[in-house]
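> Chains E and X, in that order, are what the protein sequence lines are. Per my numbering, the very first residue in the first sequence carries number -14; after that it's consecutive. Per my numbering, the very first residue in the second sequence carries number -14; after that it's consecutive.
Incorrect hints may appear among the rest.
Identical chains share a label here; the pair holds if one copy fits it or two copies do between them.
[Claimed, not checked] Straight line, CA to CA, 30 Å or less: simulated BS3-like cross-link-like pairs of lysine-lysine:
1. K54 - K192
2. K177 - K293
3. K192 - K278
4. K195 - K280
5. K279 - K192
6. K280 - K193
7. K193 - K295
8. K177 - K280
9. K177 - K278
10. K280 - K196
11. K177 - K279
12. K177 - K295
13. K280 - K192
14. K278 - K193
It should be emphasised that the hints constitute simulated quantities derived from the structure, not laboratory data. Predicted model only: the values in this text are computed from it and were never measured.
2 protein chains.
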Amino acid sequence: MLRMAQPIIHHRTAEFREIFKRASENLQYLFQTEQPVLTLTSSGTGAMEAALVNTLSAGDEIIHVNGGKFGERWGNIATAYGVTAHPLAIDWGGAPSVDDALAMLDRHPGAKAFCLTHSETSTGSYTDVRAMAAALRERFDGLIIVDGITAVGAHEMRFDEWGIDIAVTGSQKGLMIPPGLAFIALSERAWKAAETSTLPKFYYNLKKAKKSIATADTPWTPAVTLVIGLDQALEMLRVEGIENVWARHDRLGSSLRAAVRALGLTLFADPPSNAVTSINLPERGDEFYALLKKKYSITAAAGQDHVKGKIFRVSHLGYYDEADMLAVIYAIESALTDVGHPHEQGAGLAAALAVFSGTENPVEVK
Amino acid sequence: MLRMAQPIIHHRTAEFREIFKRASENLQYLFQTEQPVLTLTSSGTGAMEAALVNTLSAGDEIIHVNGGKFGERWGNIATAYGVTAHPLAIDWGGAPSVDDALAMLDRHPGAKAFCLTHSETSTGSYTDVRAMAAALRERFDGLIIVDGITAVGAHEMRFDEWGIDIAVTGSQKGLMIPPGLAFIALSERAWKAAETSTLPKFYYNLKKAKKSIATADTPWTPAVTLVIGLDQALEMLRVEGIENVWARHDRLGSSLRAAVRALGLTLFADPPSNAVTSINLPERGDEFYALLKKKYSITAAAGQDHVKGKIFRVSHLGYYDEADMLAVIYAIESALTDVGHPHEQGAGLAAALAVFSGTENPVEVK
């Protein structure tokens, strides 16, 4: 990523347009869509806001799955704009069932959008967006909106084929570049909704962004150096092949989950995300977590809100490969030994290796 | 700026908080304010939007100076949110007079905000914000809002002392780092207005950002690598001393203006900005401009809208020093020679050197 440190090129030059054009095309490959994927200089939250303010009007209703901090956020954004949010509340760590989702549609027939979280970072749980979108579409004419912030680039997502109406993601997750960019795609149905949406917007006016992208431009000055990094990251993804990228994350997630079980720990989320694994803390959990971070220098995250002190989360998306995962598992084993958690030495590593070699949990793209 | 290419540190770490805390304090020095200066991951336009949506309500009225594309933008943002914008229209290249500004107050006594553009990038003109703020404040209880996007770090700006209520700037201008961050400060009066503002906001909710900055945090994931670059840029500014930075830009702007006049060209803007100089194109202007960019590799900008084909603009803020300015002047002289514009060879360089040596146009911080 040294290219990001080179002298800044101006965004209204042929040189930058060429980079931005290529990156935008590769974003369509990443999202598996023929629709333009718009680049915003913003965190992912801004793209979530853009999804709602460009397609809804004050007084509209939405349904959103609320099983973690990011699912909850859809509701918070809606409420801030005078849109009524009906939460489908599920236990943290779980995923919504199709039946519950359909029951919400029955209860709120006027809902204009159904908002999902593909991989809920706060809990490590995974939602089967393909199945959910297929079931919803049978009887729902509104928008199916997906927060793909930790999922895109880790889990299979086929925007066009699955009938998603809006998907958003951020730069620092599956794309492996620093934070500061967010991406959003809209289906024809969503662009049609944008025609009648009356919620106010200016910076996040996506119709302006769509018009600009036709000439490889953005309405406002973009984060140029991050776009240059994006271009490189997407080229790497393209060379690896998106199916291989998904399979790699499946393999990594499976290996960590197998290791955790072999060490006598339990998983928090079901079904689990392949981008982040949340694990229930063992006895002497605070001490274990502190060791993991300080003695073994593992970038783990604590639980938030009511799972604070109960779980820890390990993220494994982007650059991660098998060796990185073994290093993480070795650190977990070592910290468990330090706090006196009973386990067979090397059991976690052995379980992970079995996954890598295909003798356990055969890896498939779901 | 090689530090920006190093492995990404997570934003919720002690290491990042220390950097962000120091940068935020140095931003207060840059703005000359005791108020917190908030960092947004956004272009400068997003910070302009944040200024209005955090302090106004639908149906409110504002006055804004409209003498270029950026002055016009205040009106466009307001209108998008259902706020009535009264433009004080002035000729492009000019600056508003205090009398005209006061007359606008008389005509629109209900105005809640008066929006200014300190340095209008599209025309290269400068507004005396100190004088304007002093005159407005005598009879205006609303908010004095300043777009400082190309001014902060180039022109003297004393947020607290001058009684400014909101000022915004961006990362890629006076701060010399890549685009992607914007900064905003609010006075006590503006924070009070935020208490009753009902315009919708979520990503740009500044009350959230103010709460976060108290613990050196941001509500949403910031553009971490850009913050690291910001920290370095601000340290450099602090070492140079803000008064010296302003004086350097004054010296550079003065030298270019003296050179332009000595070469028989005329300036477009009056009064002129010290961040960007706009110059009326000579005969064979298209050819001259193309030579400047292609043969002499000068980063000049064309005129926009109705001054397209009439002016060219040279920006000189941030890293610029005397040698850079001489290189620009030499390029202008050479391109003039190429198109057969009559001028004394070396007259521009001589005029600039006279400014540098203090034998002409003694440099003062205004």
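> Look at each hint and say if it fits the structure.
Cross-check of the supplied hints:
Taking CA atoms no more than 30 Å apart as the test, K54 paired with K192 passes in both settings, with 29 Å inside one copy and 20 Å between copies. For the homomeric pair K177 and K293, neither the shortest alpha-carbon distance inside one copy (42 Å) nor that between copies (35 Å) is at most 30 Å. Proximity of K192 and K278 under a CA criterion of 30 Å is satisfied in neither setting, with 44 Å inside one chain copy and 32 Å between copies. Taking CA atoms no more than 30 Å apart as the test, K195 paired with K280 passes in neither setting, with 48 Å inside one copy and 34 Å between copies.
In this homomeric assembly, K279 and K192 never come within 30 Å of each other (Cα to Cα): the closest approach is 47 Å inside a single copy and 34 Å across copies. For a Cα distance limit of 30 Å, the shortest separation of K280 from K193 qualifies neither inside one copy, at 50 Å, nor across copies, at 34 Å. Taking CA atoms no more than 30 Å apart as the test, K193 paired with K295 passes between copies only; the shortest distance there is 27 Å, against 45 Å inside one copy. Proximity of K177 to K280 under the C-alpha cut-off of 30 Å is found in neither arrangement, the shortest distances being 54 Å within a copy and 47 Å between copies.
Taking the shortest alpha-carbon separations for K177 and K278, neither the intra-copy value of 48 Å nor the inter-copy value of 42 Å comes in at or below 30 Å. With identical chains, the CA atoms of K280 and K196 are never at most 30 Å apart, being 51 Å at best within one copy and 32 Å at best between copies. Proximity of K177 and K279 under a CA criterion of 30 Å is satisfied in neither setting, with 51 Å inside one chain copy and 43 Å between copies. For the identical chains of this complex, K177 and K295 are neighbours neither inside a copy (45 Å) nor across copies (40 Å), given an alpha-carbon limit of 30 Å.
Proximity of K280 to K192 under the C-alpha cut-off of 30 Å is found in neither arrangement, the shortest distances being 50 Å within a copy and 37 Å between copies. In this homomeric assembly, K278 and K193 come within 30 Å of each other (Cα to Cα) only across copies, at 29 Å, whereas the closest approach inside a single copy is 44 Å.
When held up to the earlier numbered hints, the structure conflicts with 2, 3, 4, 5, 6, 8, 9, 10, 11, 12 and 13 and fits the remainder.
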